[in-house]
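The listed protein sequences derive, respectively, from chains P and D.
Heads up: the first sequence begins at 1 in the working numbering, then just goes up one per residue.
Heads up: the second sequence begins at 1 in the working numbering, then just goes up one per residue.
I should point out that these hints are in silico values taken from the structure, not numbers from a laboratory.
A hint or two may mislead.
Examples of chain P residues toward chain D, derived with CB under 7 Å [stated by the list, open to error]: (1) Pro22; (2) Lys57; (3) Asp165; (4) Met169.
Simulated crosslink set (EDC-like; lysine to aspartate or glutamate; CA at most 20 Å straight-line) [what the hints assert, rightly or not]: (5) Lys266/D - Asp152/P; (6) Lys57/P - Glu285/D; (7) Lys249/D - Asp152/P; (8) Lys57/P - Glu278/D; (9) Lys57/P - Glu252/D; (10) Lys117/P - Asp165/P; (11) Lys57/P - Glu292/D.
Note that the Cβ used here is the ideal one computed from N, Cα and C, for glycine as well.
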Amino acid sequence: MPEIIDPKELDEKKIFLILASPGTIRQRNIEIIKEISALGYHTVVITTNFPYSVLTKLYAQGGVSPDSVSFIDAVTRNSIGNAENIPGIVRFINNPANLTDMGIAVTEVLKDHQGKKICIMFDSVSTLLIYLSSANISKFIHFVTNKLRLLDVSGIFLAVEKSLDPMLMTQLTTFVDTVVDTG
Amino acid sequence: MENTHNNQSCIEAGILDNALVMIAVLGERGQVVSWNHAAETITGYLQKDIIGSNSVWKHLYPDRDYRKSVTEKIADILKTKNYFEDLETTIRTRSGESRTILWNTKTITDHGLPRVITVGMDVTTDRQETAFRESIIDNAYVLLAVLGPKGTILVWNKAAEMITGYSNGEVIGKNDIWKKLYPDTEYRRSITLKIAKIISEHNYFENLETTIVTKNNEKRIISWNTRQTRTRGIYHEIAIGRDITEQRKAEEALIAYMTEMTMRLKQPVGIINNTLMESARLVKEGMLTTDEIIMVLQGQARNAAQIESNIREFQTAIVEKNLSIPEAYRKFLEG
């Protein structure tokens, strides 16, 4: 299986948009984390669909070391109402539509991991469409990519292929360095 | 000889009396010498009441200031020549109506006496029709331009002024307005070619869309229709332009909105489906705790509720944005 993320580009702190079919997007998520973990990167997964506890199990099943991943979880608190952050493992935000909290969480996580080889993975742009207009999603991703570039951190945005309208797709393409369609 | 002269006079009197225009013969001091039947019909003043008097003009022009202005105008004309042509005045008839009269005069000598033959044509109906036509042209909510030979602009209505920003005075009698409206040489050339091709095939064009640049440097989309008319052997082009800029913007906004909402409805349903299928597999494999199953199900239920809310928002927006939706469908969409 050819690698999805080019290690050279990752080291150059490039920002990626990874497209996958609805049926394979979870598998791509696991493969990417395995790839970049093998390169010594710690991945911060921003999850907007599965709670972090479920993702942890899926990653474990997929052979991903739990130490190589931490989470910003936008699902759990939305379901059970209250969940305490676990330092180094998970930060909870109230719901996926709260972009302000999400932005703050990203900033704080990046601060926590300053000086380390870190990569932010956003799973996924498509889920955000349930809660936000493409204009707001575009603004948020612009904010996050700017932040990543300022802090010299690489980032990966996952999206379901053909799910984004041409306008949003064009905007996202201009924010990222590389678009990989994994099919 | 005498008989011949009498016959001639009778014929002249008959012509004078039955003419369809008002004819008044005036003496040296402006007194009425002759007043035909049409003059009686138009003014309401009878021959017997005014022959020999010059007071009829005061009756026809009762407003002192207006009478003065007409007198001054006539005096001005008579300074250089002893007749006048197509002088238009408005008279007040005996019954109080206003009539527009086009005057022409000629000075003659009759049996050694100086006479002025005054011919007045009642153009009231013509003027009313013209005013009505002009009012329609000016108040039309479409750009209306009439082009004469060599593309010279003959008519440029108020809507044309409003849409393009170019006033009547800047356009009438000239043919350079198109260069101003299409400042880009390439675009102008492409439009000219397109028009020439259509005209060569049909003599007119319908719903041709072009983008003009207004005097304020704004771009407006105009849908053009033309017709060719022929008046007294001269061909004129009537160009009617409808400003469809806002309509196009609305259409584009609607398409953008529908695309956005399609994306925001279709994709999430797929996401819910995949998440539930994946969760089912994990449950089967015994990987999820009861709390996790509840969390996943609640999460997807929330997603579904949000999608339902998005659909409602979509229905409302479509109804608001597209008023052409039939009533029955509108009610259905409004829920």
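Do the alpha carbons of Lys249/D and Asp152/P lie within 20 Å of each other, as the hint requires?
41 Å, violated
Quick one, are Lys57/P and Glu292/D close enough, alpha carbons at most 20 Å?
11 Å, holds
Was the hint right that Met169/P lines chain D, CB cutoff 7 Å?
10 Å, violated
Interface hint for Asp165/P, Cβ within 7 Å of any Cβ on chain D:
Cβ of Asp165/P sits 5 Å from chain D, so the hint holds.
Straight-line Cα separation of Lys57/P and Glu285/D no greater than 20 Å?
It holds: about 12 Å lies between the C-alpha atoms, which stays within 20 Å.
Hinted pair, alpha-carbon criterion (20 Å max): Lys57/P, Glu252/D. Please report holds or violated.
Judged against 20 Å, a Cα distance of about 46 Å means the pair is violated.
Please check whether Pro22/P passes as an interface residue: C-beta within 7 Å of a C-beta belonging to chain D.
5 Å, holds
CA of Lys117/P to CA of Asp165/P, is that 20 Å or under?
Violated - the C-alpha atoms of Asp165/P and Lys117/P are around 33 Å apart, more than 20 Å.
Hey, Lys266/D versus Asp152/P, does the alpha-carbon distance stay inside 20 Å?
Judged against 20 Å, a Cα distance of about 35 Å means the pair is violated.
Is Lys57/P within 20 Å of Glu278/D, Cα to Cα?
12 Å, holds
A closest beta-carbon separation below 7 Å is what the hint needs, so does Lys57/P meet it against chain D?
Where the cut-off is 7 Å and the nearest Cβ of chain D is about 5 Å from Lys57/P, the hint holds.
Consistency note: the structure conflicts with the earlier hints numbered 4, 5, 7, 9, 10.
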